[in-house]
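Novice: For reference, the chains in residue letters:
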Amino acid sequence: MKIALSSSGKDLNSYLDLRFGRCEYFIIYDLEKEKFKVLENKGKYSSGGAGITSAQQLIDESVDGVISNNIGPNAYELLNSSGIKMYKGKNISCKLLIESFKANELEEIKEAGPSQKGGH
Amino acid sequence: MNIAVLSGKGGTGKTTISTNLALLLKANYIDCDVEEPNGFIFLKPEYITKQYVEVEIPEIDEENCTLCGRCVEICKFNALAKAKDKIILFDKLCHSCGACILACPIDAIKFTKRTIGVIEQGKKGEILLKRGLLNIGEPISVPILKELLKDLPEEEINLLDSPPGTSCNVVNVLNYADIAILVTEPTAFGLHDLKMAVELVKRLNIPFGLIINKYDENNLYLKEYIEEEGIKIVGYLPYKKEIAEAYSKGKILIEEKEYKDAFKNIANNIKEVLL
Numbered sequence: 020m021k022i023a024l025s026s027s028g029k030d031l032n033s034y035l036d037l038r039f040g041r042c043e044y045f046i047i048y049d050l051e052k053e054k055f056k057v058l059e060n061k062g063k064y065s066s067g068g069a070g071i072t073s074a075q076q077l078i079d080e081s082v083d084g085v086i087s088n089n090i091g092p093n094a095y096e097l098l099n100s101s102g103i104k105m106y107k108g109k110n111i112s113c114k115l116l117i118e119s120f121k122a123n124e125l126e127e128i129k130e131a132g133p134s135q136k137g138g139h
Numbered sequence: 004m005n006i007a008v009l010s011g012k013g014g015t016g017k018t019t020i021s022t023n024l025a026l027l028l029k030a031n032y033i034d035c036d037v038e039e040p041n042g043f044i045f046l047k048p049e050y051i052t053k054q055y056v057e058v059e060i061p062e063i064d065e066e067n068c069t070l071c072g073r074c075v076e077i078c079k080f081n082a083l084a085k086a087k088d089k090i091i092l093f094d095k096l097c098h099s100c101g102a103c104i105l106a107c108p109i110d111a112i113k114f115t116k117r118t119i120g121v122i123e124q125g126k127k128g129e130i131l132l133k134r135g136l137l138n139i140g141e142p143i144s145v146p147i148l149k150e151l152l153k154d155l156p157e158e159e160i161n162l163l164d165s166p167p168g169t170s171c172n173v174v175n176v177l178n179y180a181d182i183a184i185l186v187t188e189p190t191a192f193g194l195h196d197l198k199m200a201v202e203l204v205k206r207l208n209i210p211f212g213l214i215i216n217k218y219d220e221n222n223l224y225l226k227e228y229i230e231e232e233g234i235k236i237v238g239y240l241p242y243k244k245e246i247a248e249a250y251s252k253g254k255i256l257i258e259e260k261e262y263k264d265a266f267k268n269i270a271n272n273i274k275e276v277l278l
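Protein sequence lines correspond, in order, to chains W and S. Under my numbering, the first residue of the first sequence is numbered 20, with each subsequent residue one higher. Under my numbering, the first residue of the second sequence is numbered 4, with each subsequent residue one higher.
Please note that a few of the clues may not be correct.
Stated by the list, open to error - BS3-like cross-link-like pairs, simulated, lysine-lysine; straight-line CA separation at most 25 Å:
1. Lys267(S) / Lys126(S)
2. Lys126(S) / Lys129(W)
3. Lys61(W) / Lys85(S)
Hints listed in this document are in silico derivations from the structure and should not be mistaken for laboratory results.
Input sequences plus hints: build the corresponding full structure.
Specialist: This is the structure:
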């Protein structure tokens, strides 16, 4: 099982980036192997539809769950329709969040957060 | 002849000026502020007809789609995404470019239509009044503007009441304009945003003149900039409580003699300076 965390940095001591579509990095943590890899979030550079780009990147990585804070309506729809579960994280280190996830302490996100989209 | 009325800043008086000038010049009034068109409040058109504006969006034949993902890769607007077992369209991000249709190797995508707003057209006496209304929540208004601005009567004067700011909507309005009237107010914010509007009309090479609204002769925010840039001033409207009150009641200013004279002066200057 693989979970993705929206992260502000490249290692497990980094704090969670509370944004989803515009977060800095994704940490993809493999729970069986206890290993992780880091991806630069492609959505960060999108002029529009950042959440969609980020969600697509995670779907392509075949993750089973996502830990973030605010997941907007488009990304929510996309992750949800791919059967990826979303969990609410706080502004603490990714390491602690993974521990909480293992202990089944994270709240599942059941609805989309507010849209952050900008205008023209 | 199309005259665009614009301002870098919102709330400077574009609608006040363009509705009054339209009546005085017997010019057609085209409200291009599709997100918040309020010129009709003052001009009260009759015999309104409506025309819905549609855009094209892709429709994917789910039976035949092989989920190859080429349409997703090619979409520069992130309007398409590949979920586990289907392609999802986010229609509000679609710019109707059709790249997905070209990219699909098995012709499983075709265009279908979606309504994003409406054009309303009416009359007040002889003059034509038009406005575009974007449906609430729609992010892309350029198709409405294009529909609104095509086929305007060429032999007549059309006043194009622009959206505020210097966004792509404003650039689109300016693409149809022969001359521009900039409206500003003598404040620090007014000056800041006026500079952006001036840069824009200069870049697009459109002759322009300036109206200073809410004018107060003790207020010198704009003086130095206007002199330095050699900007032509076509008129002033004073800073008066009565104007704000008349505006809030949806009244036309030129019904009062004092303002009618001010607007006549502006209209004459526009003819002299710009036409």
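Novice: Quick check: which numbered hints come out false for this structure?
Specialist: Of the numbered hints, just 2 does not hold.
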